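Please construct the entire structure, taking both the sequences and the accompanying hints into account.
Chains as they are written, first to last, in this note's numbering: chain A, 36 to 343; chain B, 352 to 870; chain C, 201 to 553.
I should point out that these hints are in silico values taken from the structure, not numbers from a laboratory. None of the values given here were measured: they were computed from a predicted structure. Among these hints, one or two may not hold up.
[To be verified] Coverage of chain C stretches by chain A, computed from C-beta distances (three or more under 8 Å per stretch; other residues unrestricted):
(1) 342–352
(2) 355–361
(3) 364–374
(4) 464–478
(5) 486–494
No residue lacks a Cβ here, since even glycine has one placed at the ideal position from N, Cα and C.
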Amino acid sequence: MSALDIVSLVASAELWSAVLRIATPLIFGTLGVLLCERAGVLNLGIEGIMVAGAFAGWLTVYQGAGLWSGVAAAAVTGAAFGLLHAFLTVSLALSQHVSGLGITLLATSLASYAYRVSFPSVSTPPTIHPFAEMSAVPIPVLSSQTPLTWLALALVPALAWVLYRTPLGLALRMVGENPAAVEGQGIDVVRLRTLAVVAGSSLMGVAGAFLTLSAFNAFYFNMVNGRGWICVALVVFAGWRPGKALGGALLFAFCDALQLRLSQQAGGIPYQIYLMVPYVLSIVALVVVARRATYPQALMKPWRKGER
Amino acid sequence: MTASGRGGGAGAVLRLSGISKRFGAIVANDAISLDLARGEILALLGENGAGKSTLVSILFGHYVADAGTIEAFGKPLPPGDPAAALAVGIGMVHQHFTLADNLTVQDNVVLGTEPLWALASRRAAARAKLVATAEKFGLMVDPDARVATLSVGERQRVEILKALYRDARVLILDEPTSVLTPQEAAALFSTLARLCADGLSIIFISHKLTEVLRVSDRIAVLRAGRLVATLDAATAQSSELAELMVGRAVRKPVARDHQRGDTACAVSRLRVDAESGALHDVTLALRAGEIVGIAGVSGNGQQALADVLCGLRAPDAGTVTLAGRSMRADPRAWIDAGVARIPEDRHAAGVIGDFAVWENAIAERYRRPFSSAGIVRRTAARKYARTLADRFDVRGGGLDTKAAALSGGNVQKLILGRALTGGFSQGDDFTPVLIVANQPTWGLDIGAVAYVHQRLLDASARGAAVLLISDDLDEILAIADRIAVMHGGRLSRARPAGEWTRAAIGLAMTGAEAAADAA
Amino acid sequence: MRLEARARRSRAALLLAPFAAIAFTLAVTMALVAWAGAPIRETYALLFAGAFGSRFAWSETLTRATPLIFTGLSVAVAFRARLWNIGAEGQLYAGALAAVAVGGLHGGAGFDLPAGVLFPAMLGASIAAGAVLLLVPTFLRTRFGVDEVVTTLLLNFIVLLAVSMLLDGPMKDPAGLGWPQSVALRDDLQLDKLVPRTRVHTGLVYALVAAAILAFVVRATTLGFEMRAVGANARAAAFAGVPVARTMALVATISGGLAGLAGAIEVAGRTGYVTLDMSPGYGYSGIVIAMLAGLSPLGVVAAAVFIAGVLVGADSMSRGVAVPTYIADVIVAVSLVSMLVATLFVRYRLRLR
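Here you go:
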C-alpha cells in the first residue's frame with residue numbers, strides 16, 4: 036500500500052463511521068468503569084456484565100419488545116449485577132478483584148445458560164432487526180450511526196457535568212479519595228458507592244446491548260471478546276476523566292478500524308497479528324500512563340464503618 | 352466528681368448521659384455523663400487509650416453508644432448519624448485529617464453542604480461564603496489550592512473551616528496540636544479564644560497537661576473509659592491531673608551517669624530528593640552512650656533521615672558511615688551491623704499483622720541465624736521469641752497470636768525487644784551500636800511510654816548511640832542529651848539539651864535557623 | 201447492618217464455611233435446573249454419578265483435575281504474595297507450545313536426543329515459557345506501577361492469538377488433515393497411563409507432588425516466609441530486610457512456571473498435541489480453585505477435584521437431561537462468591553445496628 040493509499044483511507048468517511056461504531060461500546064464501558072473507580076471501587080465484572088447486557092437486550096427485543104426496551108433491559112441487568120458487586124465489595128468489604136472476576140464468571144455463565152435454555156436446539160443464532168442508521172441527519176459520518184452512538188457521545192459531556200458541577204458528582208469524587216471525609220460530612224459512604232457501582236454497571240450493560248442491538252443483530256458466544264478488559268485499561272489511560280475517556284476510545288477504535296482495513300489489503304502478515312493490535316495497544320497505553328497516573332486515592336481500599 | 356464553674360444546669364449546650372460503649376471485650380466508655388456550657392472550652396484529658404476519641408466519635412455519630420443519651424441544645428440527638436450532628440451544629444476536627452488530597456480546598460469544605468440531588472453546584476456563592484468565613488475567624492486559605500500542596504497547619508485550618516462553614520456552634524478538636532509547632536499551636540489557641548467570644552463551645556481533646564491547663568476553662572479527666580474528675584482549669588494542679596490520668600504515681604525514667612564514647616554513626620552533607628519531606632545538606636554525628644533528639648513537626652524530612660539510617664534508602668548525595676565504615680542502602684547490612692530500628696508506623700512498617708508473634712520476632716533475622724539451608728529453624732525461633740516476650744513483657748496472647756491482635760503498647764514492646772536483643776547473635780549480652788527510634792511512643796499510654804524511655808536510657812548507658820526522632824517536645828526534653836531541630840529538610844546544629852529553651856526550639860521548628868545557630 | 205471484627209477468629213466458621221458455600225450453591229443451582237424444566241433429583245443424581253459415581257467417572261474427574269491442580273497452585277502462590285495473576289490461561293498455552301516445540305515430531309522425528317534428556321528439557325521449556333509470561337507484567341508492576349490484573353488478562357488474548365498463528369503456520373501438524381493442531385509429541389515423551397483403560401495419567405502424580413512441595417515451601421522454608429511476608433505487608437517486609445522485588449520475581453517464576461507446566465502435562469498426558477480448544481478455561485478455573493482452597497496448596501487439590509467433578513458431572517448430566525452444560529460454570533461462579541462470603545464470617549460478625 037502506498038502512502039497515498041493510506042492517507043486516502045484515513046480521510047475516508049467510511050473509516051470514521053467504522054471508528055464511531057467500534058468506539059461506542061468502549062465509550063459506554065469506559066464511562067461505566069470510570070464511575071465505579073472514581074467512587075473507589077474496581078469493577079472487574081465488566082466483561083461478564085457486557086455479555087449479560089448483550090443477551091438481555093437481545094432477548095427482550097426477540098420476544099417482541101421495542102429496541103429501547105431492549106436497551107432498558109440491558110441497563111437493568113447491568114444494574115442488578117452491579118448491585119451484587121456493590122454488596123460484596125462495599126457492604127461486605129470483600130476483595131474487589133475476586134468479586135469482580137466472580138461476577139464476570141457468573142454473568143457470562145448465566146447468560147450462556149439462559150440462552151441455551153431458551154433456544155435448546157438452534158445452530159445459527161436467531162436474528163432481530165437492529166437499530167437503523169440515522170440517515171435523516173445531514174452530517175456525513177454521523178448519519179451512518181445509530182441512536183445508541185449518539186447517546187454515547189451525549190453521555191460524555193453529561194457525565195462530566197455531573198462529576199464536576201453537581202454536589203452528587205463532588206461527593207462521588209470524594210468518596211473515591213477519602214471516604215472518611217465523606218462520612219464526616221454526613222453522607223453515607225456505603226449508599227454512595229453502591230449508587231456509583233450500580234450506575235456504572237448499567238452503563239456496562241448498555242455497552243453490551245450495543246453489540247446485539249446495533250453493531251450486530253444476534254447474540255453470539257464470545258462476542259464481547261475482551262472489550263470489557265480494554266475498557267478497564269482505557270480508564271487508566273484516560274486519567275479517570277470523561278473527556279479523555281472519549282478520546283481514548285476513539286483513538287483505540289481508530290487503530291482497530293485501520294488495522295482491520297489494512298489487513299484486508301496487505302498480504303503476508305497473518306491476520307492474528309492484526310487482531311493482537313488492540314490488546315498490545317492497551318498494554319502500551321497502560322505503561323505509558325502509569326507513571327503519571329493519579330489514582331483515586333481510596334481505589335481498591337475496603338471501607339469499614341467505624342474502623343478508622 | 353462534681354462539675355464546677357460554668358458547667359451544668361439548664362443552659363447546657365450539650366448533655367451526655369450515661370454513655371457506654373464496648374468493642375468486643377474492651378470497654379471504651381463506661382457510663383460517662385458530661386455537660387458542655389455555651390462559650391466554654393472543655394478539655395477532655397486522658398492518656399492514650401482512655402476513651403476520649405471514642406466518646407467524641409459517639410457524639411459526632413461515627414459510632415452508636417451501647418447505652419446512654421445525648422441532648423444537643425435541649426433536644427435529643429439521634430445516635431449514629433453524622434448528618435444529624437452536623438445539622439444541629441456540631442462540627443468535628445478529626446485527629447487524622449479527613450481531606451481529599453487531590454481536590455481543592457473549596458471542594459473539601461463544600462462537600463455535603465448542598466442538597467445531593469441538586470442539578471448544579473453554586474460555586475460562586477460558596478466561594479464567597481468560604482472567604483467570608485475565613486476572614487471572620489482569621490483562618491486564611493486559598494480556596495482553589497489543591498489540598499496536597501498545603502502544609503499540615505494549613506490543612507488543619509481547612510478542617511476547622513469545614514465546621515465553621517456549616518455554622519457549627521459546637522466544635523470538637525481531637526488532639527489538634529500533635530501536628531503543630533509551638534507557634535502554630537499558640538495561633539490555634541488564639542483562634543479558639545476568638546471562636547468562644549463568638550459564642551461557640553469547644554471540646555478540646557488532648558493528652559498534654561500543659562496545654563490543657565493553658566487553654567481550657569474546665570477539664571474532664573478520663574481514665575480507662577471512666578470519667579474520674581471534672582475540674583476548673585483555673586485551680587487545677589498539673590501533678591493532680593497527672594495522677595488522675597494515670598491513677599497512680601508514675602515513676603519517671605532514671606538516667607544513669609555514663610561515658611560518652613566515639614562516634615558510632617555519622618552522616619555528612621546528606622541530601623535526599625523527594626516530592627515532600629526532602630533532606631538538604633544534613634550533617635550529624637551520633638556518639639556512643641548518648642541520646643540525640645531530633646525535634647520538629649512531622650513531615651520536615653524526619654522520615655527520609657530515618658529511612659537512610661535504617662538502610663531503606665540511599666541518599667542522593669552525601670556520606671553515611673557506621674563505626675567508620677561506609678554503609679550502603681540494604682536493611683540487612685544495617686541489621687547485621689548491629690543497628691536497632693524502631694519504625695514510625697508500628698502497624699504499617701513495624702510488624703506484619705497477619706504473622707504470628709514468633710514470626711515477627713525473627714522477621715529481621717529470619718535468614719541468619721534463624722534459617723539453615725533454606726529451612727526456617729522453628730524451634731530455635733520460638734525459643735528466642737519466648738525469651739523476648741518474657742523479657743520485654745509482651746502480653747495479649749501466646750507466640751502464635753497474630754500481631755494484629757496485640758495492643759499498640761505490646762506491639763511496640765515486641766518491636767523494641769526484637770531490636771534490642773539482636774537475635775542473640777552475640778549471645779545474651781548484646782548492645783546495639785545504634786538505635787534509630789522514630790516516634791517510638793506515639794499513641795502509647797503513660798506506662799508504656801515510661802517503659803520505652805527506660806529501655807532507651809538503659810541501652811544508652813550500656814554504650815548504644817541513640818537517635819530519637821519525635822514531634823513530642825516533652826519527650827525530647829525529658830531524655831535527650833543533645834537536641835537538634837529539623838525544619839524544611841535542614842537540621843540545626845545538635846547542641847546539648849541544657850543550651851536550648853522551649854522558645855528557642857519552637858522558633859527553630861519554624862525555620863529560624865539563624866536564630867537557632869546564633870543564640 | 202455492619203460488620204464487627206471478632207476478638208478471635210471463629211474456628212467453627214472456618215470449618216463450616218466450605219459446607220455453607222456448597223449448600224448455598226446447590227440451592228441456587230436447583231432454581232436454575234427447575235427453570236430449565238428438568239427433574240431436580242434426577243439431575244443431581246446424574247451430576248453426582250457422572251463425577252464420582254463409578255470407576256470411569258472418577259477417572260474422568262481425576263484426569264480433568266490434573267491441569268486444574270497445577271493452575272490452582274499457580275494462582276494460589278501468586279495470590280498469596282498479592283500478585284494478581286489472571287494470566288494462567290495464557291501461561292498454560294505457552295507452556296503447551298513450548299513442550300511441543302521441544303518434544304514434537306518436527307520433520308518426522310523431532311530432535312535427535314534420548315527421552316531422558318528431552319523430557320526434562322521439555323518440562324523446563326514449558327516452565328520457562330509460563331514464567332516469562334508472568335515476569336513481564338510483574339516487572340511492569342514493580343518498575344512502572346502498572347496493575348498486573350489488566351496486563352495479565354490482556355496477555356491471555358495475545359497468547360491465544362499467537363497460538364492460533366503458530367498452529368496455522370510453523371507448528372502445524374502435517375498429518376492433521378487441515379485441523380488447526382500442532383505437531384504431535386514424540387511417543388516416548390508422552391506420559392504413561394496411571395490406571396489402565398482410563399485417561400488418568402502420571403501427570404496426576406506430578407500434580408500431587410507439586411502440591412506437596414509447595415505446601416512445604418510455603419510453610420517451612422525461608423522463601424515461603426518471604427512470600428507470605430510480602431503478600432501480607434510489603435512495607436513491613438521491606439523494612440525487615442526481605443528483598444521484595446526479588447521475592448516477587450521468584451513468585452512470578454513459580455506461578456507462571458506451574459501454569460506452563462499445566463499445559464505441558466496436558467499435552468504429554470492427555471492430548472498428545474496442542475489445539476486451540478485444549479483448555480476450556482483451566483486458567484480461569486484456577487482462580488476459583490485457589491480462592492475456594494483459601495490459597496492453601498493442599499486445599500487446592502481438594503478444590504480442584506471438586507471443580508473437576510462439577511465439570512465432568514455436568515457434561516455427563518447434560519446427556520441425560522435437558523440442562524445445558526453451562527450450569528457447570530454457574531456452579532463454579534456461585535461457589536466462589538458464596539465461599540468468599542462464608543469465610544468473611546471467620547473474622548467478622550454481623551451486627552444489625
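Okay, the hints, checked on the actual structure:
1. 342–352: holds (count 7)
2. 355–361: holds (count 4)
3. 364–374: holds (count 4)
4. 464–478: violated (count 0)
5. 486–494: holds (count 3)
Hint violations for this structure: number 4 only, all remaining hints satisfied.
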